[in-house]
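Note that my numbering gives residue 585 to position 141 of the sequence shown, counting from 1, and the numbers run on in steps of one.
Derived from the structure by calculation, the hints contain no laboratory data.
Please note that a few of the clues may not be correct.
[Claimed, not checked] Cβ-Cβ distance ranges computed for the label pairs, FRET-style: (1) 452 - 587: 21 to 27 Å; (2) 472 - 571: 20 to 26 Å; (3) 591 - 517: 27 to 33 Å; (4) 513 - 587: 26 to 32 Å; (5) 481 - 590: 18 to 24 Å; (6) 445 - 513: 28 to 34 Å; (7) 482 - 445: 31 to 37 Å; (8) 599 - 525: 31 to 37 Å; (9) 536 - 480: 32 to 38 Å; (10) 620 - 513: 40 to 46 Å; (11) 574 - 594: 24 to 30 Å; (12) 597 - 476: 14 to 20 Å; (13) 587 - 516: 29 to 35 Å; (14) 597 - 507: 29 to 35 Å.
Every residue, glycine too, gets a C-beta built ideally from N, C-alpha and C.
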Amino acid sequence: MTTDEDVGVLRRGLDQLAGLLDDVPSGARGNPTPCPQWSLQDLGDHIVAAPSRFAAMARGEAVDWSATPSAGPDPVARFRSHAGDLLRAVADDGASGGGPVSVDWQCAELAVHTWDLATAIGRPTDDLDAEVAVRGLAFMRAGLTDDNRAPAFRPEQPAPEGADAYQRIAAFAGRSV
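Using the sequences provided together with the hints, build the complete structure.
Have a look at this one:
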């Protein structure tokens, strides 16, 4: 059962990612990211589409993962709208620990892409909500193995000494930190 605390953590993760999306300079959309072969535009499109797709999954709907729609002219507004859908779907579904759209799975998705986006725009992550990344990393460690991490994730990379929670989850997801 999803608790108010679970929904609160998810909301904080969504809100801080929306804030980062808002910080992306409009002229930087073609810039590279830590995600191989993804520009800031590609990463933004993925980030904006993800909550809507996970909300659909929580409602038991089929999701087409083969193509990512454009985030459109106002990606922050679209992301916030999709985030609201996800929060309602998760609260209604009771998706806590390991359900089809668990809060911890969402924390993993949010934390990895929060690091990706922050890194791409030159923003540190040490002051972000660590609980989102800590919960996400625990979820990933419990389910992601060397056998099932590709193609979405590369092999785990070393995290630097003193790494913050977002750097640790990024390194686990195969990002060079």
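Comparing the hints with the structure gives:
1. 452 - 587: 21 to 27 Å: The hint (21 to 27 Å, Cβ to Cβ) holds, given that residue 452 and residue 587 are roughly 23 Å apart.
2. 472 - 571: 20 to 26 Å: holds (21 Å)
3. 591 - 517: 27 to 33 Å: Check failed, 41 Å falls outside 27 to 33 Å.
4. 513 - 587: 26 to 32 Å: holds (27 Å)
5. 481 - 590: 18 to 24 Å: At roughly 22 Å between Cβ atoms, residue 590 and residue 481 fall inside 18 to 24 Å, so the hint holds.
6. 445 - 513: 28 to 34 Å: holds (32 Å)
7. 482 - 445: 31 to 37 Å: Since residue 482 and residue 445 have Cβ atoms about 36 Å apart, the given range 31 to 37 Å holds.
8. 599 - 525: 31 to 37 Å: Holds: the Cβ-Cβ distance is about 36 Å, inside 31 to 37 Å.
9. 536 - 480: 32 to 38 Å: Given about 36 Å between the Cβ atoms, the range holds.
10. 620 - 513: 40 to 46 Å: violated (29 Å)
11. 574 - 594: 24 to 30 Å: This hint holds: roughly 28 Å between Cβ atoms.
12. 597 - 476: 14 to 20 Å: holds (18 Å)
13. 587 - 516: 29 to 35 Å: Cβ of residue 587 to Cβ of residue 516: about 32 Å, so the range 29 to 35 Å holds.
14. 597 - 507: 29 to 35 Å: For residue 597 and residue 507 the Cβ distance comes to about 20 Å; the hint is violated.
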